[in-house]
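Trainee: Protein chains in written order, with full-length UniProt numbering: chain A, 1 to 163; chain B, 1 to 434.
Calculated directly from the structure, the hints in this document are not laboratory data. Please read these numbers as outputs of a predicted model, since none were measured by experiment. Glycine included, C-beta positions come from ideal geometry on N, C-alpha and C. Any given hint might turn out to be false.
Residues from chain B shown here face chain A by an in silico Cβ test under 7 Å; the list is partial [said to hold, decoys possible]:
{"hint": "1", "residue": "65"}
{"hint": "2", "residue": "68"}
{"hint": "3", "residue": "69"}
{"hint": "4", "residue": "72"}
{"hint": "5", "residue": "80"}
{"hint": "6", "residue": "82"}
{"hint": "7", "residue": "83"}
{"hint": "8", "residue": "171"}
{"hint": "9", "residue": "237"}
{"hint": "10", "residue": "334"}
{"hint": "11", "residue": "338"}
{"hint": "12", "residue": "349"}
{"hint": "13", "residue": "352"}
{"hint": "14", "residue": "394"}
{"hint": "15", "residue": "426"}
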Amino acid sequence: MDDETRALIDALVADARESPADLARQTGLSAEEVEARLADLEESGVLRGYSAVVDWDRTDETGVEAVLEVNVELDRETAYDDVARRIAESPLVDTMRLVSGDYDFEVYVRAGSMGAVSRFVSEEVAPLPAVTSTVTHFAMETYKERGVLFDDGDDDDRLSVTP
Amino acid sequence: MSDETGSEAADRSDGTAPPDPADSVEGSDQSDPAEASDPTGEGETTAGDRFTAADRVARVPPSGIRAFFEVAEAHDDVVSLGVGEPDFSAPWPARSAAVASLERGRTSYTANRGTAELRRAIAGRVERYGHAYDPDEEVLVTTGASEAVDLAFRAFVDPGDTVALPTPTYVSYEPGVTFAGGDPLAVPTYHEDDWALTPEALAEAGADEAEMLVLCYPNNPTGATMSADELDAVAAFCVDNDLLVVSDEIYAALTYDGDHESVATRPGMRERTVVINGFSKAYAMTGLRLGYALAPPGAIEAMTTVHQYGMLSAPTTAQHAAVAAIERCDDEVARMRREYDRRRRYLTARLRELGLAVAEPSGAFYAFPRVTDVAPDGDDEAFATDLLDEVGVAAVPGSAFGSGGAGHLRLSYATGMGELKEATRRLERYLDGR
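Isolated chain B, as found in the complex (with noise of 0.2 Å):
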């Protein structure tokens, strides 16, 4: 999912700090003096501050991708494909529709789940997954796909309960269950196996005893999808081992080899999932804020209960723009869809030409090159920077979405084709100039 990143990150964890939100999602960021509030600070206490972050707000380390953002920021001349949202607008009858809910003063909460209209378009819209939810008991609107992830891990995660995070995967999974109490669990996907989960490497990482799983496919950032098969063995590891599943599709909509298949479709598996996807990819509605959870009534009833606490109701201009964007904006999704799809098969084909390894990347719009063989003593950091450094090309070392990224880049291709075009020329010029 990832997606959502950002921006909704970082307004949860650190609300002074909307122009960064690169930072605060990974939690909290040590190391800048500059930055008035300073969650963790330890021993760094400024004058009149008497804060100490809790332990398990401090216990998250700060962000890979913050630091490389301020490099990035830095540098003249930069062309990113480090950037994890769309490059598009959210399609005009959503804009269109927003704007018109103001012109109307429609400026009150919903109600705690969302208006009755959407929760009903979301379960009708969905049903082109193989899912039929219930707008009533088992749809719940929320800030953005994050808080519907968060909600999750507070909602069902107790104090020592242990939840299994594939890796690579994206960056708030990890804190989000160290904010709940939890103990994350590493699971590592291979290149090998294109990125996808096994219940072999599930058993071995020790997931069986786990309360919870949190699977992300299309996958931030390799740009996996799962096939049908691969699905399969792991919702039956799910249901042996009793597994509960936090699914989020928030990529659903961007995948190009086929129909998305969502793991809650599986036998055994809709009354242990919690199905999570918002309007942030598809519909490139990012800063609207606008996710949903998909699950059964008893589920929806106890995130509901954190949500309505938390955050009353999700943002009720963004809740319009939604309706439309369901509703109205099939074709304009479609065409975005078959651009980053040009995008995608393009940016591959540079990067194999260039001699990089790359997995098939189905959905999202990342590709995940592996950089070992290129990279100064194989460090994927070390090549982000010297990329950066010596041709102006920006782009998220593989690692900073956990170990399991280790000797990756993650490319994203959310951006023009003059720009990629250009991208792939510096990185070419890079790799001949080694």
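Isolated chain A, as found in the complex (with noise of 0.2 Å):
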């Protein structure tokens, strides 16, 4: 990747409503090349989605978060990607990866209840063939997420005029 794409990146991970414009002023990019590498990123399936970083608890809206772990066991029939597909498939389904440990998937859902989440898992999940166990855990406190620290924000100590 060279310098201007990362930095093209970079800039859309830190706030992606940058606009063309201001891309373009952070990468040294015109506005129609940053446009261009969009689309080209886009396509090529870099850039999956823009999204927003939202703290739910300072709404009033109701709801839950929680973290499964699933456990599976394959077949000559079912790979990975055959019971992953089946669950992330699930709108309550916010991130899902396979990882390394004590168990295989870790898979981050969001619901309107504890009781939706329940049934998420006892309905949906728990009865695919391929899946042994499954832990569920119900967030209680988000601390950061996707690199936006969920406090009240300006620490900034520093004279405000120095050398």
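Reassemble the complex: the two chains are provided individually, in unrelated frames, and hints are given to aid placement.
Mentor: Pasting the structure below:
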């Protein structure tokens, strides 16, 4: 990846709402080049989407988040991808990864209630033939999400003018 | 270098005022009656104060930055592009190593020159700049790069020696030379040369007769770096005229176009150069106060003589952090550098859109636009004050960095992209409203 493309991606990770003009200023590319590169990155699947980091606890929406550990047993006809695709399809699943360690899949779920999460696990995940066990962890507090700290922000204690 | 700045100079020159590094950096301040200690205090002695500052201290004028800092602090809703230190915190592994060293009770002095482990790590790290220094004999760990600068002056400048200082440049060199009894000689650099130092300017200023030359590239306040060719030319001048060189390379890790070049790697230069660097800028560790000097054995020995009586050793906790910084923080340094680079491009682009001339800032975290065309009477101090009063943007007037900076403004991009956008919006509003 060249430096401009890396800078383009860094800028979007920091703030996906950057305008093409500001992306151009930050990368040294022209606005047209920015648009063209974004189109390429989207087409090739590097840029998969642009979404907001939301602290739902500060809204009046109710909802819960949970992390599922899922263990599976594969057979000749079933690969990790097959199981994963089936689970990831659910709109409740926010993030899903195959991980190393004590379990196979780590699944981040967000739903309207604990009951909804429980039903998802018991009706959508556990019954799958490959799934051998699940553990559900309900999130109690979010401190940081995708690089964004959930605090009150500004703690810049530097002097405003220094040499 | 800069940077190192504020805080250390404050510690050094005025132990009473940790919260206002901005002022003491440039020496004393005669104008603040609230200040209990008034080193220069001519005629202003308060009751019970029989001190009169030594001549070489009294000779250092009050700081323009201090005055400006006080004005800025008095305003609400200020967006500051006036800060000379990173807005990041030190990388986690470095902080964690500091904490772990405290938990293990490592709170005693270290060897005068710094721990052997850290000196080895430093010697290994600077190989990337083409340096080869023996960690036992050619590396000295100091309390900030500022201490190293001060040591170099005190170790090698005799009363009456001339020290050539490019202008504009970081604010501590001139007072440091004066405190050591030397005579500063200003050598102008020019916007038109992208602020690079040239042999012509050196010759014209009479630097061929000087004993020492101080270089600071990447430069505070201009953000300039020296190309390989430009460095070659300056190095040849130094060899031809037998100058010692103090090369403050504190911003070496923050270069954006190509790799950092050190003057000490030029033919005939290693034996006459003290290279100074540190952890403040690259690792966002300004408050940990840790720098170092690299020089031939005799030079390090002389500097160590001053250091061992004046400082004993650099802060132990910071030395533990520094080892971790070198060994485990490359990724984070690279991430910070990429972010500075984006801000640099953004700020430069915006300034040019607003019609301000700015030399390409290729290092450090400053841009240095010319404001003579838009400033009241072409005066950068008036412009900076006006900008603060009218739209609440703080930036340091270029003349605070020496006569060569007149007519320019130092804008620091060691601040978040959001603040940069807001500051440039306000600058635009100010320029439109004129």
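Trainee: What hint numbers does the structure not satisfy?
Mentor: 9, 10, 13 and 15
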